[in-house]
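Chain residues, written in single-letter form:
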Amino acid sequence: MSDVDALVGDLFRHEAGKMVSILVRLFGTERLALAEDVVQDVLCRALEVWKFRGVPDNPSAWIVAAAKNRVIDTLRREKKAKAYVHTVIAEDDGAVDALFQPEAIRDDQLRMMYSCCHPKLKEDVQVALVLHILCGFTTAEIAQAFLTGHAAIEKRILRGKTALAASKHLLDLHSDDVAARLPAVQRALYLLFNEGYHGANATTAVRAELCREAIYLVELLLEHPRARTGPTYGLAALMCLHAARLPARTDDAGHFVPMEQQDRTKWDPALVVKGHFYLGQSAQGWELADYQIEAAIASEHVRAPSADETDWEAIVALYDRLYALRPSAIVALNRAIALGHHAGAKRGLKEVLGITDGERLESYPFYWATRGEFAARCGKTAEALEAFRKARKRARNPFERDHYAARIAALAP
Amino acid sequence: MSQYVFFYRGWSAPASPADMQKQVEKWSAWFKELTASGHLADRGYPLERSGKVVAGQSKSVTDGPFAETKDFIGGYSIVDAPDIAHAVELAKGCPNFEMGGSVEVRPLLTLAPR
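Chains as they are written, first to last, in numbering that gives the first Met the number 0: chain A, 0 to 412; chain B, 0 to 113.
There may be inaccurate statements among the hints.
If you want the ones that stay clear, here's a sample from chain A, every Cβ over 10 Å from chain B, calculated [claimed, not checked]:
#, residue
1, L42
2, A45
3, L46
4, V48
5, K50
6, R52
7, G53
8, V54
9, A139
10, A165
11, D176
12, A199
13, A269
14, H275
So the derived list for chain A, only partly shown, Cβ under 7 Å to chain B, looks like this [claimed, not checked]:
#, residue
15, R12
16, T137
17, Y322
18, F398
Since the hints were derived computationally from the structure, they do not count as laboratory data. All residues carry an ideal CB built from backbone N, CA and C; glycine is no exception.
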C-alpha cells in the first residue's frame with residue numbers, strides 16, 4: 000500500500016468514465032442509470048477501503064477488479080440482470096474478464112465518445128455529455144465550470160442521455176459511421192478545450208482542469224487507429240501548445256497577462272514538446288483541417304524567444320490559409336493583430352477597421368481591445384480610451400474586465 | 000498513555016467522483032498526521048454497512064443492524080493519547096465531520112487497576 004501520492008490527478012473521475020462505458024456496453028445504452036449506480040457503488044467502496052487501508056499501488060486495477068466482481072455478482076444473483084445483458088456472455092468469469100481487458104476498456108471509452116457525439120445532438124449537449132459520462136463531472140460541476148445554470152446543464156445531459164438510450168447500442172468502432180462522426184468528435188473536444196481556455200469561468204484551476212480533460216480525451220481518441228488522422232493530431236497539438244502557456248497567463252494576483260508580457264520561462268516545456276510531436280504527426284495524410292493551421296500558429300508563438308522575435312510574417316501567412324478554410328471575422332481579427340505586429344500598429348488598425356461583419360464583432364470585447372491597443376500605439380489616446388471602455392463594457396468575466404480597466408487607467412490622462 | 004477507540008459514525012454519499020477523491024486524500028492526510036505525531040496505534044478498518052445480528056437465548060440470526068445513516072459505524076481506529084481530553088482533540092481533526100458524520104471516542108479498559 001502506498002500513500003495518497005499514488006492518486007494521480009483525476010483518478011476517480013476517469014475511472015468512473017471507464018467503468019460506465021464498459022457497463023453500458025454490457026447492459027445497453029438504455030440502462031445507463033443502472034451502470035451509473037453500479038459505478039457509484041464501486042467507487043464508494045474504494046473510498047471506504049482506501050480511507051483506512053491506504054491507496055493500493057495500482058488503484059486503477061483495484062477499481063477494475065472491484066467492478067468486475069460486482070458485475071459477476073449481479074449476473075449470478077439477479078436473474079433479471081441477465082436479461083439486460085446485450086452482449087452474449089457465458090456465465091464463467093472468463094467472458095467477464097475479457098470485457099475488462101485494457102484494450103476492451105479503451106474501445107468502450109471510444110465507443111462512448113463517438114456515441115455521445117451523435118449528429119442529432121447539439122454541440123453543447125455533446126460537450127456536456129462527454130464531460131459527464133467520460134470525465135465523471137456531475138451536473139453541478141459542469142454548471143460551475145461553464146458558469147451556466149444548473150437547470151440548463153441538467154436539460155442538456157438529459158437530452159443527451161435520452162438520445163443515447165434511443166440508440167440502444169454504443170457505436171461499433173468498425174462501422175462506417177465512425178469516420179463520418181469523427182469531425183463531430185473533434186469539434187466537441189475543440190469546444191471543450193476552448194471553454195477551458197477562453198470560457199466564462201476565469202478561475203485558473205477550472206480553466207486548467209477543462210483543458211486537461213480535453214487533452215485527456217483527444218489522447219484517448221488518438222489511441223483509435225481510425226481516428227489517428229492529421230486533423231486529430233493537429234487538434235492534440237493545438238491543445239498542448241495553447242495549454243503550455245496557461246501557467247503564465249495569470250499573474251500571482253490572478254490578473255490576466257497578455258501573451259506579449261508573459262514570462263515565457265513559465266510555459267510548460269513538457270506540453271511544448273508534446274505539442275510539437277503531435278504537430279509533426281499531423282502532417283501525415285492529405286487531410287488538412289483548420290486544427291493543423293491553428294496548431295502551427297500556436298507553435299510559432301511558443302517557439303519565439305520573445306514577442307518581438309516572433310515570426311509575425313509566418314503567422315500572417317498561416318492566418319491567410321486559415322481564413323481560406325474558415326472565413327470568419329474572428330480569424331480576420333487575429334490576422335489583423337499579427338499583421339499589426341509585423342507591419343506596424345497603423346497598418347494593423349487599418350486592417351481591423353476594414354473587417355466587415357461589424358455587428359457580431361462589435362459584441363466581442365477582444366475586438367475593441369485590439370482597436371484600443373493599436374490606437375494607443377499610434378498615439379491616438381482618445382480613440383484608444385473609447386475602445387477600451389467599450390471592451391470593458393462587453394467583458395465576459397472579472398478577469399477580462401480588470402484587464403481592460405487597467406489599460407484604461409494606464410492611458411487616462 | 001491510554002488507548003482509545005475512534006468509532007466513525009454517519010454516512011452520506013459523496014456528491015461526485017471528484018469529491019470521493021478529495022475524501023480519500025483528506026483521510027490519508029489525517030492518518031499520516033496521526034502516525035507522524037506517534038498517536039496512531041492501529042488505522043483499523045472500514046466496516047460493511049450491515050452484516051448479521053445474532054440475538055437472544057434462541058440465538059436468532061437476522062440481517063442488520065440497520066441503524067439510521069447518521070448512526071452507522073463506518074469504521075474504527077485505535078489511538079494512543081495521554082488522556083481523553085487529548086484524544087478528543089485528536090478526533091477533532093478527523094475529516095468525518097465534513098461529511099456530516101461524528102466520531103465517538105471510547106477509552107479501552109485495561110487490566111491495570113484504577
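These are the hints, each one checked on the structure:
Consistency note on L42 (chain A): stated as away from chain B, yet its beta-carbon is not over 10 Å from all of that chain's, at 6 Å minimum. With a minimum CB-CB distance of about 8 Å to chain B, A45 (chain A) fails to clear the 10 Å threshold, and the non-interface call is violated. Under the 10 Å C-beta cut-off, the non-interface status given to L46 (chain A) relative to chain B is violated; the minimum distance is some 5 Å. Its beta-carbon lying about 6 Å from the closest one in chain B, V48 (chain A) breaks the requirement of being farther than 10 Å from that chain.
With a closest Cβ-Cβ approach of about 4 Å to chain B, K50 (chain A) is found to fall inside the 10 Å limit, against its non-interface label. For R52 (chain A), the requirement that its beta carbon stay farther than 10 Å from each beta carbon of chain B is not met, with the minimum near 7 Å. Chain B draws G53 (chain A) into its interface by the beta-carbon criterion, the shortest separation being 7 Å against a cut-off of 10 Å. A cut-off of 10 Å between C-beta atoms contradicts the statement that V54 (chain A) is not in contact with chain B; the least separation is 7 Å.
With a closest Cβ-Cβ approach of about 7 Å to chain B, A139 (chain A) is found to fall inside the 10 Å limit, against its non-interface label. Annotated as non-interface, A165 (chain A) keeps its C-beta farther than 10 Å from every C-beta of chain B; the closest such distance is 26 Å. The beta carbon of D176 (chain A) is kept farther than 10 Å from every beta carbon of chain B, the shortest such distance being approximately 30 Å. With a cut of 10 Å on Cβ distances, A199 (chain A) stays outside the contact zone with chain B, its closest approach being about 20 Å.
In this structure A269 (chain A) is separated from chain B by more than 10 Å, as the shortest Cβ-Cβ distance comes to about 23 Å. Distance to chain B confirms H275 (chain A) as a non-interface residue, since its nearest Cβ pair spans about 31 Å, more than 10 Å. Contact between R12 (chain A) and chain B, as hinted, is supported at the beta carbon level, the nearest pair being about 4 Å apart and thus within 7 Å. Look at T137 (chain A): its Cβ gets to within about 4 Å of chain B, closer than 7 Å, so that hint holds up.
Taken as an interface hint, Y322 (chain A) does not check out: its beta carbon lies about 40 Å from the nearest beta carbon of chain B, beyond 7 Å. Given the 7 Å rule on beta carbons, the hint for F398 (chain A) is violated: about 23 Å separates it from the nearest Cβ of chain B.
Consistency with the previously given hints fails for numbers 1, 2, 3, 4, 5, 6, 7, 8, 9, 17 and 18, ordered from lowest to highest.
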